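*Asks:* Listed below, chain by chain, are the residues.
Number of protein chains: 2
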Amino acid sequence: MDLFFHDTIDIKNPAFVFSDEESRHLSKVLRKQPGDLVAVTDGKGLEVHIQIQNISSRKTNGHLVETIVHPAPKHQTHIAIAPTKNIVRLEWFLEKATEIGIHRITPLLCQHSERKVIKSDRLTKILQAALKQSQQFHLPQLDDLISFETFVAQQKKGYIAHCNTGEKFDLADLAPTEQSNCILIGPEGDFSIDEITFAEKNNFQTISLGSQRLRTETAALVACHTLSLIHRNI
Amino acid sequence: MDLFFHDTIDIKNPAFVFSDEESRHLSKVLRKQPGDLVAVTDGKGLEVHIQIQNISSRKTNGHLVETIVHPAPKHQTHIAIAPTKNIVRLEWFLEKATEIGIHRITPLLCQHSERKVIKSDRLTKILQAALKQSQQFHLPQLDDLISFETFVAQQKKGYIAHCNTGEKFDLADLAPTEQSNCILIGPEGDFSIDEITFAEKNNFQTISLGSQRLRTETAALVACHTLSLIHRNI
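In order, the protein sequences belong to chains A and B.
In terms of the numbering used here, the first sequence opens at residue 137 and continues consecutively.
In terms of the numbering used here, the second sequence opens at residue 137 and continues consecutively.
Okay, chain A solo, but in the shape it has when bound (with noise of 0.2 Å):
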């Protein structure tokens, strides 16, 4: 069934009113017709079956026949990664960490980071689509750009990912069993050494995600996929 997001969604109102672009995309594009149904996600789990009563390009009403509420993941993960000097790396990686199965992005302001600025509502519109292409009910949350040691500082534990040199550990032997795990990703110039010591005195472990040299969009979604794996045997 095609998925449409909205971002709220009165499950106590039956009456359901699409917007002018979803019309348009139902009429023209799926040529959806009056009985037909389709699902709206509000991303927070959400999923409501809708049937068409009145179809046009300009305006489409139906009314919901279904309501099926999505638990939560029982893990989740988090990743923390400086945004990609080419913005198009990060939104790629945003897209696939979606469809695998992700919680909550930060982007970080790092010491090495090329990229100072980044477009939320532009990378937000990315997260949307995946999630309805991939069938899914749980909006990623994408966090404010936020300085590395504050952001570190507000979190109680977590890992770092690095090419530095020291003890590392890989993180599918570590296989951590928390609730939620927060890996940091450094931008293309890696985490500074200031950096990696100012995690690790806050309780970030030190990973590693194999022997390859990884980019940074690389890195975030391998560990995005390696913790998925984790996840779905605890």
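Quick caveat, the hints were computed from the structure, so don't treat them as lab data.
On a predicted model such as this, the values are computed, not experimentally measured, just so you know.
Don't take every hint at face value.
If several chains are the same, the list does not tell them apart, and a pair holds so long as it fits within one copy or across any two.
[Unchecked claim] Below, in silico cross-link-like pairs of lysine-lysine (BS3-like), each with a Cα-Cα straight-line distance of 27 Å or less:
id : residue 1 : residue 2
1  : 268       : 195
2  : 210       : 195
3  : 221       : 210
4  : 268       : 304
5  : 255       : 148
We have chain A; now place chain B onto it with these hints.
*Replies:* This is chain B only, laid out in the frame that chain A set:
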């Protein structure tokens, strides 16, 4: 150390000449000086270290000071994938799979394929760039586009990932231990029922890559990374 790629390296000849393009890059971008070391790989496991003797933007040469042979990985990942309608998505997969580690990629022409041609030269350049960037020494093998049935009939066994119903085991649970594992990934419209039946008759086992609905290139990368995690433990 910066890594360059040459199709063939003659280790019996200590004199080494860089191409015009490499000479420009070495002198103008990397600002190398006589005496500096750079690494070169042939993508077949060989790494040589070259000490620069003469450098200019037109011609750079040096001599071979060290030869290292990197053994091939014990376990090999082979992904046979229907190229995506938007070729950028396949290119993204090639780059990421090279970073993570993949032995062979076979582009498949399937019944539901919307893309029926690929530019192998361009794709090979992406593989070479990703190999250099991730500091690896085994270039993935990129096959010519081949029809699904011809390819499947050539294989002894393998795995097929599809979204149709039927009994499936998670790839992560199967944890295949063969020396080389081949996984088939379908186009945007999935494999046809005929193709799935044909594969199963030819000793291909149906697998699942998780409960999410993944895009073609995401499914391929998830399969590649799952195998890489399995291979590191056996």
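*Asks:* Hint by hint, which ones does this structure get wrong, listed from lowest number up?
*Replies:* Violated hints (numbers, rising): 2, 3, 5; every other hint is consistent with the structure.
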